[in-house]
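Given chain R, work out where chain W should sit, using these hints.
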Amino acid sequence: MSILLYLVPVALFLGFLGLVIFIWTLRTNQYEDLEGTAQRILIDDDSSKRND
Amino acid sequence: MEQPNLSKIVRIPGPVSEGYELLTKSHADGSHSLSVLVRGAYCAACIQKIESCIAQQDNVINARLNFSTGKFSVDWNGSASRANNFIRSIEDLGYSVRPYDAVVEKQNLEEEERFLLMCLGVAGFAMGNIMLVSVGLWTTTTETMGIVTRDFLHWISACIALPTILFSGRPFFRSAFSALKAGHTNMDVPISIGITLAGCMSLFETIHHGENAYFDSAVMLIFFLLIGRYFDFRARKNARSAATDLLSNMSGFATVIEDGKLSHVPILQLQQGQTVRISVGEQFPVDGNVVEGISDIDVSLVTGETIPISVSQGMPVYAGTLNLSAPLVIKVEKAAENSLLADIVRLMEKAAQGQARYVRLAERVARLYTPVVHTLAACAFLGWLLVGHIVWQKALMIAVTVLIITCPCALGLAVPIVQVLATGRLMKKGILVKAGDALERLAAIDTIMIDKTGTLTIGKPVLISTCTSDHLQIAASLAACSQHPLSQAIMRSYSGVLLPITHMQEYPGQGLEGLLHGKTIRLGSRAWCGLPDAEHSDQLELWLYVEEEEPVLFYFSDQLRADSAETILQLQKEGLSPILISGDRRSVVERIAAMCSIDHLYFEKSPAEKFAMMQHLRNNGSKVLMVGDGLNDAPTLAGADVSMAPGTAIGMTQNAADIIFMGDRLQPVYEAYMTARLTQKLVKQNFVLAVLYNLIAIPMAVCGIVTPFVAALAMSGSSLVVIANCFRLRLRK
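So the sequences go chain by chain: R and W.
The first sequence begins at 140 in this note's numbering and counts up one residue at a time.
The second sequence begins at 67 in this note's numbering and counts up one residue at a time.
Hints in this document: simulated from the structure, not taken from any laboratory.
Predicted model only: the values in this text are computed from it and were never measured.
Be careful, since some hints might not be right.
Which residues of chain R face chain W? A few of them, derived with a C-beta cut under 10 Å, are [to be verified]:
{"#": "1", "residue": "Gly157"}
{"#": "2", "residue": "Phe161"}
{"#": "3", "residue": "Tyr170"}
{"#": "4", "residue": "Gly175"}
{"#": "5", "residue": "Arg179"}
Note that beta-carbon positions come from the ideal geometry of N, C-alpha and C, so glycine has one too.
Looking at chain R on its own, in the form it has when it is part of the complex (with noise of 0.2 Å):
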């Protein structure tokens, strides 16, 4: 049962990891324009590097 001291925390770290990254989309507004961004995603960006 030992084996349960490395993988529960191993797993609580994984999950808390995930929760961090949640809370930085929310942070960055990354909800606000769910529409606007699935629309940007046909933008042919000519400035990109693309073209460098």
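For chain W alone, kept in the frame of chain R given last:
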């Protein structure tokens, strides 16, 4: 006669795009920022056009358009007055821009949404991790893993669950607290008590090396309920922001003439007695009297009728109407907050408050549910303690199990999920449901009030009389230079070559005049073409006069939507009674009513009379659906049980309506009604499912034979069944 200046006549400039420097915010580092509302962006190309057009300019730090809300934000270095240049650039691209005053209100909504999402995210994290531990607890007996390991796992659960309950449970605690403070209860009260008791009892058990910890159930309960809460919030968000969008119609600037000088003044600061200049294409900001100039004004915003009326010196004009053909100078009679427009807005707000008293089905269920659950839990506790003679901890644990297992989950999910699915389904058909409970209210209606112009009809006049192609060609050549709806109707029915007409001039309120091969030609009213005494008819008309010839008459009529009659018939078959109500003349309304086989009709009704009529119907117990498009319909739309407006309606009317439909057919009204009925049926089925589940689960919980594992399984199971039932909506064609 003046030299003809075609471009001057044809081009209608937008409203004033100055004064935006007053709305910019200055920052400590010398930069400025501005937020405006951009209307008319529909695709990715629009986003790119607007953003890159501004971002390319010098010293612009950031330019971003929020596609969902239409809010455009720009930050730049340099002078504040550059704001006007930005706005002009966007307007030149063909989008309309409005000041974005209602920022504060919107921010509150955004914060609330973020708060709910944060609670949901934390609860999701906690649930996932507790399950990890709980699976071990459920599948292994204490003899196998030993008390120490079990306590260890319980403590891990406690460490995750207790902070989560405190953090993510806040939406429920707050709502329960405010309900109790106001002296009544809602569904959040048993939820809060259940969660709190479950947390405390589980902690008590853990400390005393007990067996029954309910941490997982408590967190799962919070998570599922928050999902429902979040869906519900999103569905209602648009409805709540309607009032703030109304305010943005009242904001903006007017050109005031003072001692011969022009200055820009925010509309809300206009005073009685001031003189205001209204250019072509500008909306009247206030009610007033014309001091100088003759022009046609588009009053469709106020009366709903599409044909402009002409005004001259001394005549009253109303806020919200549009100046069409020549600049006017008016004297302010009533300041903006007292104008007819503001009156209509106030009437709407009053009406909307009345509507807010509507009690949703879910709340009615909750009212029934709360006392029953509390009584059952109390009975279980007292029963076991007094009759069953067990220790009070165990009795309390059984009471908590009853509270938790009565499954507010299924109840909490029953309505929001069906609504999200139904709304998505309607959206694909071009029907936009704005208010969260609109479908529920729509399913209950028995009467439909329908406006005529723009709702039953397309709202654009169509040429119906026949004439020689030569005459049509001459008329079209003249009409090409005018923005008058009848001129545009002629243009729509003519597709050939235009003749070269010189000395073209538009005379507001009368008609057009020009020279063709040395002959004077005129297009306009009967008086304008020299026939003041010709026989009158009900139809809209336009006369063409060519020098030395008999004047030619063009008839116009507003066409019915292609499927109006059919849709009305379908609705009647479903047992609804349609009522036609219009501000138009009797003969026209009667003709349209006959074409759609509507028996009840009312004509020449003012906005206030329409509103009174709707209230009279409601007071007599009818559930009224109002379908309309003009500003004159707006109060009625806001006050009716439920309302629909076509996508061609003006912004304010769309704001007042619960449901917007696109396209030039009336079928969406029927479509929305049928979907609403189906939705309501599914919601009721879900409640029945939840009740059935409770009938099995509650006796088991009361008897004390439910383990945490069974409670968790049963709770997820009931939620899944309800969700699966909702998805049947997708299967229907």
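State the violated hints by number, sorted upward, taking the hints as numbered earlier in the document.
none
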